[in-house]
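Engineer: Construct the entire structure; sequences and hints are all you get.
In the order they appear, the protein sequences are chains H and L.
Last residue of the first sequence: 735 (the working numbering), numbering continuous.
Last residue of the second sequence: 1660 (the working numbering), numbering continuous.
The hints are simulated quantities; they were obtained by calculation from the structure and are not laboratory data.
Quick caveat: nothing in here was measured; it's all calculated off a predicted structure.
A portion of the hints provided could be inaccurate.
As the list claims (entries may be wrong) - With a straight-line Cα cutoff of 27 Å, these simulated BS3-like cross-link-like pairs (lysine-lysine) come out:
id, chain 1, residue 1, chain 2, residue 2
1, H, Lys487, L, Lys1413
2, H, Lys565, L, Lys1428
3, H, Lys635, L, Lys1413
4, H, Lys562, L, Lys1413
5, H, Lys670, H, Lys717
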Amino acid sequence: MEAYGLSKWYGEVIGLNNFTLEVRDGITGIVGPNGAGKSTLFKLALGLITPSTGSMKGLGQVPWRNPALHSSIGFCPDYESLPDEATGREYLALLGGLHAMRGPSLSGRISEVARLVEMEPALDRRIGGYSKGMKQRMKIAGALLHDPELLILDEPLSGTDPLVRKELMDIIRRLHRERGHDVIVSSHVLFEIERMTHNVVLIYKGRAVATGDISEIRDLIDKHPHNIVIEGERVDALAKALLDEGFTVSVAYNQDRKGITVQVSRPDDFFNRLPALIEGTGCSVTKMYSLDDNLEAIFRYLVGR
Amino acid sequence: MDITKALTGIAAITRHFLKKLVLSRKVFITILVAAFVAAVMGYAGAQNGVGTSDGADLLDVLILFFFMPVLAMIYGTSLIRDEIDDKSITHVATAPLDRGVSYVGYYVPLALTVSISMVVVNAAGFLAFFAQVGLGGEALELWGEFTALVVVGSFVYSALFLAVSVLLKKPVFFGLFYAFIWEGFIGSLPGAIQKVSVKHYLRSVGSDWVDFGSIASFADATAPGASWAVLAALAVSLVALGALLFRETELT
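Structural biologist: Rendered as structure tokens:
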């Protein structure tokens, strides 16, 4: 997938803004907070909408008014799009018909993809009775049915419980490793993408703010101070000890005085040194979390705000 | 364009939406309309001195004048517009089919569903009336003629309301205006103005077939051949217009 100077406006709302990107083979993660432009990018890639300016190509072809391209792309949308009144098998048969698949080869393929996403036992149940996780699997099965070269999965993990997330992540990894599909998968949770691929594009407010290996992006992120909250007993001693460390930018007591917020310039050094500091000061930590797990905060760092 | 692929795609969409429409809650509206028409015609048929002409007039007013455009509007303005609004159209829009071809896949089940509904409503009214007046040869002939008229009308009105639902985000407002004001009122005015309604051409075709009631002596009727040509051209051009609009619509 290639995009050059791509912009899309919906009236006065900007969906994508001068967006440039080249997606490589394999699994690519598109990460960004809600409203960043991920779904707009996918709609442009599928030819559902047309760019306001710039150019977009999927598998070397312009998507708008190019239905033939859909033979090579499978799409799993982020919204509820399945017909509740149909069974899983009927839904897949509809998609097969749309791809000119018929007869025993279609029936065989339906069973194959249902097995792949572990939905074979539920194929003859009504979709309206499926759980969220089952619906996500069925959407992935629909995207896979015509054996596309490229799979575009828009937030396939959203709304699912941790167990289902893990299973879906395993399925997505297998689709590339065992079946050879190139996959573009979006999420607003960085660590989920990290579990599937190291090849990541970060989108924020319609722009690609960072592209490449996730470790390079982590390096970029790590150049900015991180805020970590520590709560527990005798944290004032820990606060004093932290102020002597080179990676500490600042330490502040929280409003409830139950804990401190530490701003650090090198999170890895902080986390490596922390156990020794806790032991040395005799404090007991009951809770610790990073305020910067919030993706929005990371993106603000990356765009220098 | 690969014709086999296109036909397979149209057949898949048609099967899916025919089932969806036939099993939808809108079927209850058809049942209610059929019951209403049956009640009205049943009551009329129970009176003394009524005959085939009265039955023809009732079918003319209740079905051709009123319920056919209304039912077509109810089914037609929601089918593709609901899919666009709730984004379930993605499956069709991301298939390797020209969107113009996919549009035909929406039109066919819509026209079939409206036709089936109208045939049912027509049959309910007919049976309620003529079961009392007499189910003779001329009554059955009348039933066949009105059945043919409602099928033709269903295909034309379906083409109109489906195209409108692609063009407008709130097609039901246009649909209500068209069904009640345009077809119901303008189409009933004397003189040339009624020629801008579908009903006029349906009644003109009907005046050539039906030998009973006011439709048989439709004074302002357009020649049957010209009426057929107008109805066919209208249906084809509206399907083509809808397909073109659907092709160019951004599915946000």
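Engineer: The structure should be examined with respect to each hint, and the outcome stated for every one.
Structural biologist: So, going through the hints one by one against the coordinates:
1. H:Lys487 with L:Lys1413: holds (24 Å)
2. H:Lys565 with L:Lys1428: holds (19 Å)
3. H:Lys635 with L:Lys1413: Status violated; Cα separation ~40 Å.
4. H:Lys562 with L:Lys1413: Cα-Cα ~33 Å, so violated.
5. H:Lys670 with H:Lys717: With a Cα-Cα distance of about 18 Å, the restraint between Lys670 (chain H) and Lys717 (chain H) holds, given a limit of 27 Å.
Comparing the model with each numbered hint stated earlier shows that hints 3 and 4 do not hold.
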